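Top line first, the protein sequences correspond to chains A and B. All you need for the numbering used here is the position in the first sequence, starting with 1, plus 107. All you need for the numbering used here is the position in the second sequence, starting with 1, plus 47.
If you are wondering where the hints come from, they were derived from the structure by calculation, not from laboratory data. Computed from a predicted structure; not experimentally measured. Any given hint could turn out to be false.
[Said to hold, decoys possible] Some but not every residue of chain B turned toward chain A, in silico, with C-beta under 10 Å:
| hint | residue |
| --- | --- |
| 1 | Leu59 |
| 2 | Leu62 |
| 3 | Val64 |
| 4 | Thr66 |
| 5 | Leu70 |
| 6 | Tyr71 |
| 7 | Leu115 |
| 8 | Leu118 |
| 9 | Val119 |
| 10 | Phe155 |
| 11 | Ala159 |
| 12 | Arg162 |
[What the hints assert, rightly or not] Distance condition first, Cα-Cα at most 20 Å in a straight line; then the derived EDC-like pairs of lysine to aspartate or glutamate:
| hint | chain 1 | residue 1 | chain 2 | residue 2 |
| --- | --- | --- | --- | --- |
| 13 | B | Lys80 | A | Asp158 |
| 14 | A | Lys195 | A | Asp310 |
| 15 | A | Lys195 | A | Glu163 |
| 16 | A | Lys313 | A | Asp148 |
| 17 | B | Lys80 | A | Asp311 |
| 18 | A | Lys195 | A | Asp266 |
[Said to hold, decoys possible] Have a look at the derived ranges for each label pair, beta carbon to beta carbon:
| hint | chain 1 | residue 1 | chain 2 | residue 2 | range |
| --- | --- | --- | --- | --- | --- |
| 19 | A | Leu114 | B | Val100 | 25 to 33 Å |
| 20 | A | Tyr112 | B | Ala180 | 39 to 47 Å |
| 21 | B | Arg162 | A | Asp310 | 39 to 47 Å |
| 22 | A | Val118 | B | Ala180 | 16 to 24 Å |
| 23 | B | Arg184 | A | Ile121 | 30 to 38 Å |
| 24 | A | Lys321 | B | Leu154 | 24 to 32 Å |
| 25 | B | Thr140 | A | Gln189 | 45 to 53 Å |
| 26 | A | Ala267 | B | Val97 | 37 to 45 Å |
| 27 | A | Ala267 | B | Arg162 | 22 to 30 Å |
C-beta atoms are modelled at their ideal positions from N, C-alpha and C, and glycine is treated no differently.
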Amino acid sequence: MNRFYMLLVAVALIGGGVLWYGSRQEAAPAASAPVPLAAADGFQGFTLGSDSAKVEVTEYSDFECPFCASFATVQMPVIRQQLIATGKVRWRYRDFPLPSHQYSRYAALAAQCAGEQGKFWEMHDQLFSNHQWAQTGKNPAALFRDFARTIGLDVDKYDACVSSQRYAGRIQASVQEGEALGVRGTPSFFVGGRPFQGRATSDDFKALVDSLTKQRK
Amino acid sequence: MIRRQAIVLLALVGLLVATYLWLYKIGVLGELKCGTGSCEYVQTSPYAEVLGVPVAFIGVIGYVVLFLAGLVGLQPTFQEDRRVTRLLAVLATVGFGFTLYLTAIELFVLHAICRWCVGSAVIMTAIWVLALAGVMRAPSAAAPPR
């Protein structure tokens, strides 16, 4: 019996020690650490929809922003179905990670690295549909790797891309472009090159796009 | 006796696992050591909480209760007490049912597996089997010698 209690104490001490040690260790390097800026490559953002669409909407968005997530998950599916799939609109996504968000630049990097393998929009959807990561304040690196695996990326290539911060310059160029256009918050939209002042709902976008399409006929 | 000792030992290991997941959930641990599993995805999903209470914390409470009940059952006064046997079986069955629910969420809703959750599920299943075995064996143990 005494040996049993000694075993219990040993397990408790070893297990407790491991937990204590784990809690003392620093979390993985914060993704919000300053990123070395590579030269911007003139990239103009990932697009959805036909090149021959009469109207183009440019969205400046931040993956950590809750309003962007709400837009992406509630309004965007309707917009995709009614405006993009029908060939009326081409949608362009531009990164605008806000400095107040700890991991938004890292998320933008993850999406760019997915885009390198032709799966930007799949990663975009993962980041916005599983937005709990943005509320926990924890380093989401492992979670993003799970997303990468889920959408079928070559994870080794994804890892290499993210760790090299290959597209940091591209993201910064997108931010500078947005600032030059007067973007102050996210999500911000430009429809046909002009700032969109309506509500960010599929109904308002549809009304404006229909109006512009009629004018251009 | 051996069964109760095994239950106590397993409950202690389960308690450590649940505590690890709970410490992650409340932000004490920065990252889960998960290998190729989808621990963070599972742990940050809406299903990682029940009525605002982290599932991992419920696990901590469950394992503490099982651990303490098992320890009480090891004391000389209660070693032959079938009420403890039944209590352990009831607690383990509740824990096992909750484990089944969580595993189903992982498999059929989230389509992701957290290795630590699987570890806890295995531990809880083993406790349940041991506790049920205790209930089934108890009557014959209490029968008068021939």
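Comparing the hints with the structure gives:
no.: 1; hint: Leu59; in the structure: holds, 6 Å
no.: 2; hint: Leu62; in the structure: holds, 8 Å
no.: 3; hint: Val64; in the structure: holds, 9 Å
no.: 4; hint: Thr66; in the structure: holds, 6 Å
no.: 5; hint: Leu70; in the structure: holds, 6 Å
no.: 6; hint: Tyr71; in the structure: holds, 8 Å
no.: 7; hint: Leu115; in the structure: violated, 12 Å
no.: 8; hint: Leu118; in the structure: holds, 9 Å
no.: 9; hint: Val119; in the structure: violated, 14 Å
no.: 10; hint: Phe155; in the structure: violated, 16 Å
no.: 11; hint: Ala159; in the structure: holds, 7 Å
no.: 12; hint: Arg162; in the structure: violated, 12 Å
no.: 13; hint: B:Lys80 to A:Asp158; in the structure: violated, 45 Å
no.: 14; hint: A:Lys195 to A:Asp310; in the structure: holds, 14 Å
no.: 15; hint: A:Lys195 to A:Glu163; in the structure: holds, 9 Å
no.: 16; hint: A:Lys313 to A:Asp148; in the structure: violated, 33 Å
no.: 17; hint: B:Lys80 to A:Asp311; in the structure: violated, 46 Å
no.: 18; hint: A:Lys195 to A:Asp266; in the structure: violated, 36 Å
no.: 19; hint: A:Leu114 to B:Val100: 25 to 33 Å; in the structure: holds, 32 Å
no.: 20; hint: A:Tyr112 to B:Ala180: 39 to 47 Å; in the structure: violated, 23 Å
no.: 21; hint: B:Arg162 to A:Asp310: 39 to 47 Å; in the structure: holds, 45 Å
no.: 22; hint: A:Val118 to B:Ala180: 16 to 24 Å; in the structure: holds, 22 Å
no.: 23; hint: B:Arg184 to A:Ile121: 30 to 38 Å; in the structure: holds, 32 Å
no.: 24; hint: A:Lys321 to B:Leu154: 24 to 32 Å; in the structure: violated, 50 Å
no.: 25; hint: B:Thr140 to A:Gln189: 45 to 53 Å; in the structure: holds, 51 Å
no.: 26; hint: A:Ala267 to B:Val97: 37 to 45 Å; in the structure: holds, 39 Å
no.: 27; hint: A:Ala267 to B:Arg162: 22 to 30 Å; in the structure: holds, 25 Å
In summary, the structure is inconsistent with hints 7, 9, 10, 12, 13, 16, 17, 18, 20, 24 from the numbered list given earlier, while agreeing with the others.
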